[in-house]
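What follows is the residue order along each chain.
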Amino acid sequence: MSAAVTYGDLALVVSAILFSIGCAGVLLRRNAIIVFMCVELMLNAVNLSLVAFSQQHGVDGQILVFFVMAVAAAEAAVGLAIIISVFRHYEVVDLDRFNLLRW
Amino acid sequence: MILDFLFFLFAGGAVLGGALVITRKNPLSSVVFLVAVFFCLSGMFLMLNAHFVAAINIILYAGAIMVLFVFVIMLLNLGHTTWSDMRGAAAQLISGSTALAFAAVATRALFFEDAPPLAGRGSAELVAASVAEQGVIASVATPLFERYVVPFELTGLLLLVAIIGTIVLARRQAP
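Listed in order, the protein sequences are those of chains A and B. Each residue of the first sequence is one higher than the one before, starting from 467 at the first, in the working numbering. Each residue of the second sequence is one higher than the one before, starting from 463 at the first, in the working numbering.
If you are wondering where the hints come from, they were derived from the structure by calculation, not from laboratory data. For glycine and all other residues, C-beta sits at the position ideal for the given N, C-alpha and C.
One side of the interface only, derived from the structure: several residues of chain B facing chain A at Cβ under 10 angstroms:
1. PHE469
2. MET509
3. VAL534
4. SER546
5. ARG549
6. SER557
7. SER592
8. GLY627
Whenever a hint applies, use it, and build me the whole structure from the sequences.
Have a look at this one:
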């Protein structure tokens, strides 16, 4: 690595680590709500890398972050509604119990 | 330098908070640590000249989406969970190695001299110059309402669809 390490480079490293943590959380947990939170963590890690790239490539990256946040808000609302409606049937939020479509 | 110290504080806080999010048993503790992660990330956005993104990150994520999570956790009465939902040793091994492999590939520029550099080598002051010229809001708003006006309007449509979908899904079915 060259001597001139910028905040953008460091932010990309943090973004990669956060995305890995979120990915591990999705694979590791059974509680649907915590899996959902890990997805939000991964989305925010991507936002961080978009902002880091926008440092050098223009402000378009920040506009993409704006769209990612709008989609994340929509996704959170619909996803939590799905969790509530599944909870009414099974009385749990354990992902291993939702095996109706499993082969 | 104080700025470097702050940046590393935010970075360390974000990583530590992320690790706590995926290891807490209680979903409410996870929510609290996730909010801490979002505040740390907003700090990093501020230092990367993305002031608008930092503000809406706190307002939208920490303020709206996380409150929705807390609301659902309390509605479903999951706040005092005692069952451990961590998967077994095999899944822990697989997910840990997957995460490590991804992190290693994404940050390989740190370890190999001949790998492509992390952020590219554009002019590092591009956004800083545009913020200094037009101001924080206008530098984001001008392209948003000119070049990106169609996606912007489609975002409004998406949110409308999400509202209707949420109401249909979460409404109590008539007996």
